[in-house]
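Novice: From first to last, the protein sequence lines are chains A and B. Under this note's numbering, the first residue of the first sequence is numbered 1, with each subsequent residue one higher. Under this note's numbering, the first residue of the second sequence is numbered 435, with each subsequent residue one higher.
Check the hints yourself; a few may be wrong.
The list that follows gives simulated cross-link-like pairs (lysine-lysine, DSS-like), each with its CA atoms no further than 30 Å apart [to be verified]:
1) K699(B) with K638(B)
2) K149(A) with K597(B)
3) K74(A) with K504(B)
4) K448(B) with K162(A)
5) K74(A) with K276(A)
6) K162(A) with K686(B)
7) K262(A) with K276(A)
8) K546(B) with K276(A)
9) K686(B) with K698(B)
10) K688(B) with K546(B)
11) K608(B) with K73(A)
12) K300(A) with K74(A)
13) K594(B) with K448(B)
14) K505(B) with K448(B)
15) K74(A) with K597(B)
16) K608(B) with K622(B)
17) K162(A) with K91(A)
18) K162(A) with K688(B)
19) K73(A) with K594(B)
20) K149(A) with K162(A)
21) K608(B) with K597(B)
22) K262(A) with K91(A)
23) K73(A) with K300(A)
24) K276(A) with K594(B)
25) K73(A) with K91(A)
26) K546(B) with K73(A)
27) K73(A) with K349(A)
28) K162(A) with K698(B)
29) K448(B) with K349(A)
It is worth saying that the hints were derived from the structure and are not from the lab.
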Amino acid sequence: MFGYYLDLALRSLRRNRMLTALMVLAIALGIGASMTTLTVLHVLSGDPLPGASSTLFYPQIDPRDMDGYEEGKKPPDQVTWIDGMNLLHAKRAAHQALMTGGAVPVQPAQSSIDPFYSDARFTSADFFPMFQVPFLYGHAWGESDDDAKARVVVISRALNDKLFGGKDSTGQTLRVKDTAFRIVGVIDSWRPNPHFYDINMGNYSGLEDVFVPLTTSGDVRLDHNGSMDCWGTGSGDDDHMETQPCVWLQFWVQLDGADQVKAYRDYLVHYSQEQKSLGRFERPVNVALPGLMEWLDINKVVPGDVRLQTWLAFGFLLVCLVNTVGLMLAKFLRRSGELGVRRALGASKREVFAQLLVESGVIGLAGGVGGLLLAFLGLWLVRRQPSDYAALAHLDLSMLSITFLLAVGSSLLAGLLPAWRACQIAPALQLKSQ
Amino acid sequence: MEILPILSTLRRHKITAFLVIIEIALTCAIVCNAVFIINQRLDRMAMQSGIDEHRLLHIAVADIGASQDKKAHMQEDLAALRQVPGVTDVASVNQVPFGNSSWNSGIKLDPKQRISTLNATNYYGENIAQTLGTQLIAGRHLQDTDYMDMDDVMRAAAAKDAKAIPHAVVITQKLAERLWPGQPPLGKQLYLADYPITVVGVVKELVRPSILDDSARSYSMILPIRMAVGEYIIRVASPNDRDRVLAAAVAKLKQINPHRVVLKKHVMDDMRHDFFRNDRAMAGLLVGVCVALLVVTALGIVGLGSFWVAQRRRQIGVRRALGATRRNILHYFQTENFVLATIGIALGMVLAYAINLLLMTHYELPRLPAIYFPVGALALWVIGQLAVLGPAMRAAAVPPVVATRSV
């Protein structure tokens, strides 16, 4: 029976090619647009560290003076050197890392490559185990290297490819700002999205190329990058960053389980009270301990434009669907006579309904396939855009299945109403009016 | 033209008529809001910067090794850049318009004030206003005697030594109007971190390097601080010459000190172009969606119109046989479309307003100006009429003899 219905459907669709093309195209455009934007949204609002993100937290305390104090405002987004070091050395969490972004001049050994500046991250040792950074060669540096301000460096796979042709470079020397650093590890391909640990450096920027212990970076006077907020006597003077009343460092901790989270929050309160009694902090105790995903949410990491585009695309899909429903309905009703004859000859309502549904299903499926192709085209267009997230716009398996569901769902939706309406026809009336 | 027969016909095609109305309403609502957003983006992209964009170059250099005596190097660089043919002005600065990285301070009007009145950006660098080409509209530019070195200012700030902190500032007209509405700003004092600073000059416009809030985009100050961080701006005599000057300037800087890296070298026009790239992409996308929406809606009307015409061939024939002219038939379908479009547009206006309210709360968009409603309505009426014209003409061409034939 299905084969027969399919044959009928194809005949009917062939009878009016322009109209069929219009309906298929409308569904395809709607689905293509929604899938493109939904995929971008999905990629951008994804979990940067699946499996580990629920255990990562971003402690915030308020070390500022009373100038500009307003009740109920959030503590600053970053920490000072003094507080960061205090929290780091207190070791109240399973892992903790203090870090900032930077830029370093790399001086390649070979004369064929000119010196260049690379994005860098100055961090304490726990960065690597805490964020589960995969290593291609070698390993991370240890806490003793942090304490000794050791001249060690971890580099990205991309930089290793560029300077060492992809070979194991551990043990070799990397010259940075006229200083020799020993390469201890090479990070394998790794790009957490969003760039959660420091969203001042671009929400979707790629991995830094050079990783240096934070203590060493101060010692060698490497230039740090990012946002800095100062108060009181703070002037952002690079030569005295260790004592300046400025927040400019990110501090992350790993806490396993609700008990540890509560204990850490209590610790932050206790620490703030202690600093207040020492006279360093002036404001009322104000701490926060958002989780990784919450932190991304608070900072509105996903661009508003992308959300807006998604809404727009679904609005467009809705119009396309309404359009197709209307056309299909008109088409089915126009064939009332034919359907009346079939009903009079003994076809049940259910059978007529099935026949029409097959016809609309064919349109929906064709539209869905077209939509998928258009989504690939759309994503290709997005990738050609200059934004820093452009390169990430790829269709993954889950989005592919959602596309399929969306296509089938919307085509059924577009077919159900017309098919149902058309089989409500009283056969006698139709025959009579002939 | 009688509307009643049309309405009674439409009543017999309730669902189809309803779908057309919904389609028109949705299209109307989405297009109104999309065009509004497009206009906002275009406005943003046309933003006045207050600087001589076509004649400006930006170069950023950084030393590879630890550098001693940055100030002397900076003076040497500036002297060399001035020698490059075609260069009229140079300045060593802390930030550049459209550069996206910015230095900002809270401004107070009273030192006892606990919360800053507003936040403005700080431009530093000797000769910066002249090089950027900002237009001075009152007072004077900052002078050599006003200027202090950044290192000294930092030391003074750490020691709370008010004497070694700059005393003079040049601000933009918009900032002056915001701080002292209706009063002459010259000679007025503002406070940066408790240090009093006197306004000595007002420039017409100078945009911030990074614009988070459009209403605060002109809140800029120029402070008399000498910078030596390797950020240079260069003004050339002729825009046609700028690419050559840029190459020559970069070569010169490399030649003076080969032990450094050129981080950035831009023509200001390109920086501006890059700065608005997301707005441009968004506007382009919205235009695409609007066109697609209108085309889909128009084609939908064409398709539906064709069906109705085909379905009513006999009735049309009967009417023609009973004396209706072709013009009557044409008008019938045109009026029918007009009725549907009008209901759709009315619904669409309400929907457009609702969407705008949503956008206002979630995306900080302003209210949709009233002018969009009549313009949007007119556009959809026109599109509806154009779309229905083809099917209506085909209907008008139906000969009366059809009435006598059985199907």
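Novice: Now tell me, hint by hint, if it's right for this structure.
Specialist: Results of checking the hints against the structure:
1. K699(B) with K638(B): Holds - the C-alpha atoms of K638(B) and K699(B) are around 27 Å apart, at most 30 Å.
2. K149(A) with K597(B): Roughly 38 Å between the alpha carbons, so the hint for K149(A) and K597(B) is violated.
3. K74(A) with K504(B): violated, 38 Å
4. K448(B) with K162(A): violated, 68 Å
5. K74(A) with K276(A): Holds - the C-alpha atoms of K276(A) and K74(A) are around 17 Å apart, at most 30 Å.
6. K162(A) with K686(B): Distance of about 28 Å is within 30 Å: holds.
7. K262(A) with K276(A): holds, 21 Å
8. K546(B) with K276(A): Holds, at roughly 23 Å.
9. K686(B) with K698(B): holds, 15 Å
10. K688(B) with K546(B): violated, 49 Å
11. K608(B) with K73(A): Given pair K608(B), K73(A) holds - Cα atoms ~28 Å apart, limit 30 Å.
12. K300(A) with K74(A): holds, 15 Å
13. K594(B) with K448(B): Not OK: K594(B) and K448(B) at ~79 Å, beyond 30 Å, violated.
14. K505(B) with K448(B): Status violated; Cα separation ~81 Å.
15. K74(A) with K597(B): Status violated; Cα separation ~35 Å.
16. K608(B) with K622(B): With Cα atoms ~15 Å apart, K608(B) and K622(B) stay inside 30 Å; holds.
17. K162(A) with K91(A): Measuring from Cα to Cα gives roughly 37 Å; hence the hint is violated.
18. K162(A) with K688(B): Within the cut-off at roughly 24 Å; holds.
19. K73(A) with K594(B): holds, 28 Å
20. K149(A) with K162(A): holds, 27 Å
21. K608(B) with K597(B): holds, 29 Å
22. K262(A) with K91(A): holds, 15 Å
23. K73(A) with K300(A): holds, 17 Å
24. K276(A) with K594(B): It holds: about 22 Å lies between the C-alpha atoms, which stays within 30 Å.
25. K73(A) with K91(A): holds, 28 Å
26. K546(B) with K73(A): Since the Cα atoms of K546(B) and K73(A) sit roughly 21 Å apart, the hinted pair holds (cutoff 30 Å).
27. K73(A) with K349(A): violated, 65 Å
28. K162(A) with K698(B): Given pair K162(A), K698(B) holds - Cα atoms ~21 Å apart, limit 30 Å.
29. K448(B) with K349(A): holds, 22 Å
Figure legend: structure checked against the earlier numbered hints; hints not met, in rising order: 2, 3, 4, 10, 13, 14, 15, 17, 27.
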